[in-house]
Amino acid sequence: MDMTGLIVGGVALLAASAYGLVHRRRAGRVRAVPATADPVHPLLAELGVEQGEVTLLQFSSAFCAPCRTTRVVCAEVARTTPGVAHVEVDAESRLDAVRGLDIWKTPTVLIVDADGRIAGRAQGAPTRAQVLAAVAPLLPTPAEKNSA
Amino acid sequence: MTDPRGPRFAAALTALVMVAVLVTGSGWLALAQAVVFALTAAQPRLGPYGLVYRTLLASRLGPPAELEPLAPVRFAQAVGFVFAAVATLGYLLGSPLTGAIAASFALAAAFLNAVFGLCLGCELFLAYRRLTGRPLAARVPVS
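Order-wise, the sequence lines are chains W and V.
For the first sequence, numbering that gives the first Met the number 0 begins at 0 and goes up steadily by one.
For the second sequence, numbering that gives the first Met the number 0 begins at 0 and goes up steadily by one.
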C-alpha cells in the first residue's frame with residue numbers, strides 16, 4: 000500500500016466530486032445581465048446578430064459534447080418561437096469575440112434582446128424551459144404586437 | 000462518429016486502473032495505462048477499452064441514441080497520455096509524489112467523465128486558447 004498515493008488520490012476524488020456537483024447544479028442557468036446605458040456592442044452585429052429579434056448567441060467549440068445539446072435546444076426554441084433567432088459561433092475561430100464578450104467556456108449562450116443589448120448569459124447546456132423562461136420577458140406582448 | 004457510451008465506459012475503466020496505480024504505486028501499471036491512452040489517441044478504433052465495450056457490452060445495450068465525433072475523444076486521450084506518462088516517470092525514477100500527483104489528475108478527469116459525463120477538456124480548452132492563442136484560420140475545404 001502506498002500511503003502517499005492513497006492520500007493524494009483521495010483528495011483528487013473529493014475535489015472532482017465537489018467540482019462535478021457544483022457544475023451540474025450551475026449548468027445552463029441563465030444569469031441576468033444588468034441593463035446598462037452602454038452602446039450596443041459592435042461585435043454582435045459582426046457575428047450575425049440582427050436587431051429586431053431576440054437572439055440566442057451560442058459560442059461552441061469542437062471539443063464539446065454539451066455544445067451539441069445546446070445547439071439542438073436553441074435551434075428548437077428559435078424554430079418554434081416567433082421573434083427568436085439562433086446564431087452559433089465557433090469560439091476558436093473568433094477568439095477576438097471570445098475576449099471582447101468575456102466568454103470563458105463553451106457552450107456559453109448570450110441572450111441578446113431586440114435592441115441588441117445582452118440581457119442574459121448561460122454557461123453549460125440549458126434546458127428548453129430555461130431558454131424559454133429567459134426569452135419570454137424580452138418578447139413583445141400580444142398587445143404590443145397589435146399596436147405595432 | 001462513435002457511440003458516446005464507449006468513451007464513458009473507457010473512462011470508468013481508466014478511473015479503476017488509476018485507483019489501482021495510486022494504491023500500489025506501480026509505475027509499470029501506469030505505463031500500461033499510458034500505452035492504452037496513446038493507442039486510443041492515435042487510433043480510436045484500436046483503443047483496448049473501446050474494444051472491450053464493443054465486444055462485450057454494445058450488442059446488449061442496443062443502438063445508441065446519438066453519436067459523437069471522435070476528435071474530442073482523441074484530444075482527451077492525448078491529455079490523459081501526458082499525465083500517465085509523467086506518473087510512469089515519477090514512479091519508475093524514484094519520485095512517488097510526482098507519480099501520485101500526475102496519476103491523481105488522470106484519475107480526477109476520468110472520474111468526472113465516467114460519473115458526471117463531464118469533459119474537462121471542454122471546460123479548460125477555450126480558457127487556455129484565449130489566454131495563449133491567436134485566432135486560428137477557419138478550416139477550408141481542400142479542393
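Calculated from the structure, these hints are not laboratory results.
Be a bit skeptical, because a hint or two may be false.
Stated by the list, open to error - Okay, derived cross-link-like pairs now, SDA-like style, lysine to any residue, Cα gap no bigger than 25 Å in a straight line:
#, chain 1, residue 1, chain 2, residue 2
1, W, K104, V, V114
2, W, K104, V, R7
3, W, K104, W, P139
4, W, K104, V, S58
5, W, K104, V, F74
6, W, K104, V, R73
7, W, K104, V, T97
8, W, K104, V, V51
9, W, K104, V, R4
10, W, K104, V, G116
11, W, K104, V, L123
12, W, K104, V, G61
13, W, K104, V, A113
14, W, K104, V, M0
15, W, K104, W, S16
16, W, K104, V, V18
17, W, K104, V, L55
18, W, K104, V, P47
19, W, K104, V, L69
20, W, K104, V, P3
21, W, K104, V, A19
22, W, K104, V, L88
23, W, K104, W, A17
Unchecked claim - Footprint (simulated), chain V over chain W, 3 or more residues, beta carbon under 8 Å:
#, segment
24, 8-14
25, 63-73
26, 86-94
27, 102-116
Ideal Cβ positions, reconstructed from N, Cα and C, are used throughout, including at glycine.
Consistency of the hints with the structure:
1. K104(W) with V114(V): Since the Cα atoms of K104(W) and V114(V) sit roughly 21 Å apart, the hinted pair holds (cutoff 25 Å).
2. K104(W) with R7(V): This hinted pair holds, its Cα atoms lying about 21 Å apart.
3. K104(W) with P139(W): Judged against 25 Å, a Cα distance of about 31 Å means the pair is violated.
4. K104(W) with S58(V): violated, 36 Å
5. K104(W) with F74(V): holds, 17 Å
6. K104(W) with R73(V): Status holds; Cα separation ~20 Å.
7. K104(W) with T97(V): violated, 29 Å
8. K104(W) with V51(V): Violated, at roughly 33 Å.
9. K104(W) with R4(V): Judged against 25 Å, a Cα distance of about 24 Å means the pair holds.
10. K104(W) with G116(V): With a Cα-Cα distance of about 16 Å, the restraint between K104(W) and G116(V) holds, given a limit of 25 Å.
11. K104(W) with L123(V): Distance ~7 Å between K104(W) and L123(V) Cα, so the pair holds.
12. K104(W) with G61(V): violated, 33 Å
13. K104(W) with A113(V): holds, 21 Å
14. K104(W) with M0(V): holds, 24 Å
15. K104(W) with S16(W): The hint holds at about 20 Å.
16. K104(W) with V18(V): Given pair K104(W), V18(V) is violated - Cα atoms ~29 Å apart, limit 25 Å.
17. K104(W) with L55(V): violated, 36 Å
18. K104(W) with P47(V): violated, 31 Å
19. K104(W) with L69(V): With Cα atoms ~20 Å apart, K104(W) and L69(V) stay inside 25 Å; holds.
20. K104(W) with P3(V): Given pair K104(W), P3(V) holds - Cα atoms ~21 Å apart, limit 25 Å.
21. K104(W) with A19(V): violated, 32 Å
22. K104(W) with L88(V): violated, 32 Å
23. K104(W) with A17(W): holds, 19 Å
24. 8-14: holds (count 5)
25. 63-73: Coverage by chain V holds for the segment 63-73 of chain W (5 residues, Cβ < 8 Å).
26. 86-94: This one holds; 6 residues, not fewer than the three required, reach chain V with a Cβ under 8 Å.
27. 102-116: Holds, because 4 residues of the segment 102-116 of chain W bring their Cβ atoms closer than 8 Å to Cβ atoms of chain V.
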